[in-house]
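Spelled out, the chains give:
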Amino acid sequence: MKFDAPASDNPIDRLKVVGQPVDRIDGPRKTTGTAPYAYERHEVVPNQAYGHVLGAGIAKGRITAIDASAAKAAPGVLAVVTTLDMPRLEKGVTNTASLFGGPDIQHYHQAIAVVVAESFEQARDAAAMIRVGYAPQRGRFDLTAEAPKAELASADSGAPPQEDRVGDFEGAFAQAAIRLDETYSTPDQSHAMMEPHATIAAWEGEKLTIWTSNQMIAWGKRDLARTLGLPAENVRVDSPFVGGGFGGKLFLRADAVLAALGARAAGRPVKVALTRPLMANNTTHRPATIQHIRIGAAPDGRITAIAHVSLSGDLEDGGPETAVAQTKLLYAGRNRLTALRLAVLDLPEGNAMRAPGEAPGLMALEVAMDEMAERLGMDPIEFRVVNDTQVDPDDPDRPFSQRQLIECLRHGAQRFDWSRRAATPGQRREGRWLLGMGVAVGFRNNLVMASGARVRLDRDRGVTVETDMTDIGTGSYTIIAQTAAEMMGVSLDKVTVHLGDSSFPASAGSGGQWGGNSATAGVYAACVKLREAVAGRLGFNSAEAEFVEGMVRAGNRGVRLGDAAGADGLTAEDKMEYGDLAKRYQQSTFAGHFVEVAVDAATGESRVRRMLAVCAAGRILNPKSARSQVIGAMTMGVGAALMEELAVDTRRGFFVNHDLAGYEVPVCADIPHQEVIFLDEVDPISSPMKAKGVGELGICGVGAAVANAIYNATGVRVRHYPITLDKLLEGLPATM
Amino acid sequence: MTASGHHSISRRALVAGTAAGTAPIHGEAGAQSVSAPHGTPGSPEATTAQISLRVNGQSRNLALDPRTTLLDALREHLRLTGSKKGCDHGQCGACTVIVEGRRIYSCLTLAVMHDGDAVTTIEGIGRPGHLHPMQAAFVSHDGYQCGYCTPGQVCASVAMLDEIRAGVPSHVTADLMAPPQVTAEEIRERMSGNICRCGAYSNIVDAIVEVAGRPG
Ligand code: FES
Ligand code: FES
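Each protein sequence line maps, in turn, to chains X and F. With full-length UniProt numbering applied, the first sequence closes on residue 736, and no number is skipped along the way. With full-length UniProt numbering applied, the second sequence closes on residue 216, and no number is skipped along the way.
Bear in mind the hints are in silico, worked out from the structure with no lab data behind them. Mixed in with the good hints there might be a few duds.
Here's a subset of chain F near chain X, in silico, CB distances under 7 angstroms, partners left out [what the hints assert, rightly or not]:
no.	residue
1	Arg127
2	Phe138
3	Gly199
Covered, in the sense of this in silico footprint (three residues per stretch, anywhere, with C-beta under 8 angstroms from a C-beta of chain F), are these stretches of chain X [as the list claims (entries may be wrong)]:
no.	region
4	38 to 49
5	616 to 629
6	688 to 695
Glycine included, C-beta positions come from ideal geometry on N, C-alpha and C.
Kindly produce the complete structure, drawing on both the sequences and the hints.
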């Protein structure tokens with residue numbers, strides 16, 4: 001099915017099931033520990049052995065020798081595979097660094113061996129006996145030091161790198177009445193999802209099955225086949241539950257490759273989990289950025305010139321963090337300049353983490369906007385309202401499909417008692433606490449991806465949906481069931497959903513906040529086909545057939561839906577594909593984030609007291625699970641603002657704090673009650689679901705809202721995240 | 001390089017230390033015994049310890065490598081995979097179980113240290129169709145997303161409310177002489193040993209407040 005014209009009325013609009021805040025259908029399994037995650041699937045294949053991965057102890061250089069003799073002789077050891085046993089493996093399409101093979105080390109903790117043993121303890125112990133000789137080389141580990149060598153880069157890997165210019169930025173900036181010219185930085189961050197990367201691999205001849213934890217089944221299958229030199233049809237990937245991903249499980253990683261290699265060497269199924277201390281350096285992370293922002297405005301607050309240039313680093317052949325993406329679209333202004341610069345670093349691979357681009361980009365841009373508002377003597381909300389645009393500023397013929405940013409801000413201001421904010425910072429005190437409020441805009445583009453599904457109707461078993469879509473905590477199981485229930489006119493308990501298996505039709509997968517809207521649109525397409533098949537079997541005109549309350553009706557005839565399935569059932573498969581609506585319209589999601597903080601006047605400790613997000617993101621398919629997506633993202637935004645930072649050892653080239661004790665993420669005591677409001681919106685340009693993404697919108701802008709609140713509380717402007725107390729202490733107002 | 005010799009020595013030392021250090025012998029399980037069985041394929045030096053755990057009310061006998069954590073004894077040997085491994089280092093709380101009435105990180109303790117102990121895992125708290133009120137509250141408040149931290153959160157919540165009832169104070173308890181109250185602040189403090197990277201805290205607190213039966 002092709003979606004190439006705005007959606008008209010369709011069965012989803014009934015909103016009997018879709019749009020309802022139903023509990024997750026997988027909730028009982030998750031809360032009882034019976035939802036199976038990758039490493040614990042004892043039942044899928046017998047005789048599983050344990051693999052333990054060894055990571056490189058240098059960041060750059062060569063391995064001169066590996067002595068695995070003691071490991072091989074250790075109790076219980078079945079096989080040892082080292083990186084010297086094979087040439088460098090072919091890289092997956094989505095990998096920058098090689099996952100295994102050959103003597104060259106590209107980054108710290110790159111996998112160099114897997115030990116397979118009868119038990120976990122034996123494998124771990126034996127891995128510690130492997131002796132490795134290294135010839136280290138000097139590496140480039142310091143983004144600031146490499147900045148002069150950075151080159152222009154493009155957001156799309158195919159396109160030639162160039163600055164994006166509209167009008168004459170330099171001229172307009174020079175003439176602007178009010179100007180801002182500041183530099184901001186965000187550190188490297190780690191996904192730190194709770195479930196480590198894990199895989200069970202089993203061979204049957206030349207056929208390989210992995211039970212793994214992966215957001216994008218089709219990519220994983222393709223890249224595992226490519227890495228191991230197998231035909232894709234010989235690989236099956238299964239990932240029904242994913243214990244968090246946030247972008248860290250978008251790609252094939254070493255756990256899958258080494259489970260497969262270990263299983264082949266041991267002649268047995270093997271399971272491998274990356275240890276927590278391996279994850280930060282072995283896998284991917286959100287790259288640090290240094291962002292230069294210049295804004296010029298007229299005295300009335302209208303922006304006349306805006307420039308945003310972001311520098312980040314990555315391995316050779318890697319890509320930039322696209323932190324200027326939102327600046328192209330968010331505010332009006334005739335004269336514009338955005339550019340990405342990329343330095344080569346020998347740190348672990350940088351890649352997507354929740355809202356890549358916008359998350360760090362808004363941490364800078366929305367602080368700059370707050371600073372500009374102050375220089376203009378304007379309320380930060382009014383400054384943003386004045387600069388709203390309903391069209392792509394780069395191409396005024398391209399309207400936003402929906403843009404309720406002003407409504408988000410106005411509604412939020414009222415709800416949050418924004419009027420109580422003191423315009424001058426450092427004014428509000430409560431005992432030892434300095435209080436402040438901050439606002440920032442959340443913005444994230446809505447992407448749509450082709451997505452397929454198979455839907456089956458059985459006489460007694462109701463409706464069954466199969467798609468390789470994943471549920472990484474996003475609520476996919478539930479919104480897919482809601483979609484099928486709505487389309488087929490049955491109650492939610494009549495729908496069964498199976499996800500994450502590469503033998504099911506390929507879906508959009510979970511990433512870039514495209515999953516919810518795209519995957520349900522794929523289910524919609526398959527259900528349209530199934531409805532036609534049902535109508536056809538009953539001799540009904542399919543345009544007239546109504547699917548309501550478990551019945552199919554046309555004219556004065558009505559048949560129980562199950563009976564229409566017949567003894568053998570009916571199956572339909574289709575996928576939703578997209579035309580050029582995304583080119584003709586700019587599709588984006590918007591939020592107003594409001595934060596109140598208290599900063600200890602003596603110690604500089606920041607506590608978040610209140611948080612509100614008002615979101616405009618198309619139809620909300622399930623307000624309960626969507627709200628969870630947003631509060632979770634807001635929580636990660638607080639982490640980004642206040643604590644998250646991978647500390648780089650710039651001499652030895654690795655992230656030092658590579659576990660959950662050293663890499664701090666928010667805990668329960670850090671997060672207040674969070675409020676989320678979804679504005680009424682349907683977006684027929686997006687898909688027949690009229691929904692848009694929401695899972696990443698929630699993090700976009702939160703960090704800046706916290707930073708702006710801290711400024712409002714203390715009068716200290718911190719432009720370099722995270723805002724730890726040492727950066728506040730010196731500037732705090734004198735204590736009483 | 002004599003790494004393997006070195007390791008076998010340290011393992012025996014560890015076993016000896018463990019046996020001496022966990023002297024309490026619980027009636028039903030009998031004495032902890034350490035033996036070095038012969039004939040285990042591929043592991044001539046393997047040392048195993050016989051222990052008994054009372055898991056969710058059932059007595060379970062295990063022959064374990066003494067290095068096995070309580071978490072791995074549950075997940076890998078008893079196949080009670082509801083308890084999760086997020087870090088294996090006592091840094092996340094995903095492995096929280098209740099041992100002898102107290103919540104602990106099961107990754108941070110060896111199984112041989114719990115011979116005879118009563119262990120309650122998430123499987124013993126409730127199951128689909130028969131949810132514990134805390135599990136039901138997590139479902140209705142959407143107190144989870146990916147679900148990986150969830151069994152640990154549920155076990156911790158249940159044990160945490162017992163701690164408050166038993167009068168155990170926390171860092172945020174203002175009056176150490178008065179019984180601690182079930183407030184949102186107390187819950188947030190006491191639940192901070194369980195990381196939820198999905199960020200469901202706001203809903204988790206709501207779920208616990210509901211079960212505790214009084215508003216924060
Ligand atoms: S797995 Fe035990 S605390 Fe993380
Ligand atoms: S639900 Fe995913 S970590 Fe808590």
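A quick look at each hint next to the structure:
The restraint placing Arg127(F) at the interface with chain X holds, with a minimum CB-CB distance near 5 angstroms, inside the 7 angstroms limit. At about 5 angstroms, the closest approach between the beta carbon of Phe138(F) and any beta carbon in chain X falls short of 7 angstroms, and the interface hint on this residue holds. Proximity of Gly199(F) to chain X holds as hinted, the smallest CB-CB distance being about 3 angstroms (cut-off 7 angstroms). Residues of the region 38 to 49 of chain X with a Cβ under 8 angstroms from some Cβ of chain F number 3, which satisfies the need for three, so the listed coverage holds.
Beta-carbon proximity to chain F at under 8 angstroms applies to 5 residues in the region 616 to 629 of chain X; the threshold of 3 is reached and the given coverage holds. Interface restraint, the region 688 to 695 of chain X with chain F: violated (0 residues with C-beta to C-beta distance below 8 angstroms; minimum three).
When the structure is compared with the earlier hints, a violation turns up for hint 6 alone.
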